[in-house]
Amino acid sequence: NAGVMQNPRHLVRRRGQEARLRCSPMKGHSHVYWYRQLPEEGLKFMVYLQKENIIDESGMPKERFSAEFPKEGPSILRIQQVVRGDSAAYFCASSESGENTIYFGEGSWLTVV
Amino acid sequence: GDSVTQMEGPVTLSEEAFLTINCTYTATGYPSLFWYVQYPGEGLQLLLKATKADDKGSNKGFEATYRKETTSFHLEKGSVQVSDSAVYFCALRSKGGNEKLTFGTGTRLTIIP
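Residue numbers (our numbering), protein chains in the order written: chain Y, 1 to 113; chain A, 1 to 113.
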C-alpha cells in the first residue's frame, strides 16, 4: 500500500509565478490535510478537505492560496503570484474516515527566487 | 483552542545517554496524543501514539505515557543512538475522529558519538 504521495518534491518559482503542489492520499483515505513548515519552524495547519469539500480552511492565507480535492485525482494546493515568504516545505497528510492516525507525505519544498 | 507546548531545543546528547523531551498540552476533552519524527530532508513519520489516559505508546525504544492529571506526554528513550538525530514533534488531535493535528514547535535532537 503506497503511502501519501506528493509531487513535485522540489519546486523553484520566480516571484509572481504560480505554484501547484499535488497530493495523492493513501489508498482508501478520504481526508486530506495540508500543512506548511517554514524554515526552522514547526508545522502549521492550512486546510482540511474531503472529496469535493473544504472542511476547515482556518489556516489558509486569505489571498493567493487555494486548495481542492476533486472527486477524481489528487488534491492540489495552488499558490498564485508567489512571494519569497512562500518559500517553505508543504506537507500533505491523509486519514481514513474515523481513523485516529494521520499519515504524512514526504513534502514538497518550494523555493521562490 | 488546542495547543501543544514542547521543550525547546536544540538538545545535544552523547550516544547511550537517557533522553527526555517534555510535552504538555491544552485541549478540550480528551485528545489523542502523538509523537512524530522528521529526519533531515524528509517528511514526518509517526513514532508513537496514545489515545486515552494512562496509555503508553512505544516504538523503536521510545516511550511516552498519556498523563491526564499533568496534561503531559513526555518522550523518553533509555539509550539514544546517533541514528536518533532528528526533529521530534509532539502533536494532539481532538476527539471527533477527523480533526486536524495541532503540533508543538519541534525539538531538534543531535546525538554525538
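Hints listed in this document are in silico derivations from the structure and should not be mistaken for laboratory results. Hints are supplied without guarantee of correctness; some may be wrong.
Computed Cβ-Cβ distance ranges for the label pairs, DEER-style [said to hold, decoys possible]: (1) A/Tyr30 x Y/Glu72: 35 to 43 Å; (2) A/Pro40 x Y/Gly3: 14 to 22 Å; (3) Y/Ala2 x A/Ser85: 37 to 45 Å; (4) Y/Arg14 x A/Glu76: 41 to 49 Å; (5) A/Thr26 x Y/Ile55: 18 to 26 Å; (6) A/Leu46 x Y/Ile55: 15 to 23 Å; (7) A/Ile112 x Y/Ser30: 41 to 49 Å; (8) Y/Glu72 x A/Ala53: 37 to 45 Å; (9) Y/Ile76 x A/Gln81: 18 to 26 Å.
Quantities reported herein were computed from a predicted structural model and do not represent experimental measurements. Backbone N, C-alpha and C fix where the C-beta goes; we use that ideal spot for every residue, glycine too.
Outcome for the supplied range 18 to 26 Å, where the beta carbon pair is A/Thr26 and Y/Ile55: 23 Å, holds
A/Ala53 and Y/Glu72 - C-beta distance against the hinted 37 to 45 Å: 42 Å, holds
C-beta pair Y/Arg14, A/Glu76: status relative to the range 41 to 49 Å that was hinted: For Y/Arg14 and A/Glu76 the Cβ distance comes to about 46 Å; the hint holds.
Status of the given 15 to 23 Å range, CB of Y/Ile55 versus CB of A/Leu46: 22 Å, holds
A/Ser85 and Y/Ala2 - C-beta distance against the hinted 37 to 45 Å: At roughly 27 Å between Cβ atoms, A/Ser85 and Y/Ala2 fall outside 37 to 45 Å, so the hint is violated.
Supplied distance hint 41 to 49 Å, evaluated on CB atoms of A/Ile112 and Y/Ser30: 44 Å, holds
CB-CB spacing for Y/Glu72 and A/Tyr30 relative to the 35 to 43 Å hint: 37 Å, holds
Pairwise beta carbon distance, A/Pro40 to Y/Gly3, judged against the given window 14 to 22 Å: 19 Å, holds
Outcome for the supplied range 18 to 26 Å, where the beta carbon pair is Y/Ile76 and A/Gln81: Roughly 39 Å apart at Cβ, these two residues miss the hinted range, so it is violated.
The structure fails to meet hints 3, 9 from the earlier list, while all remaining hints are met.
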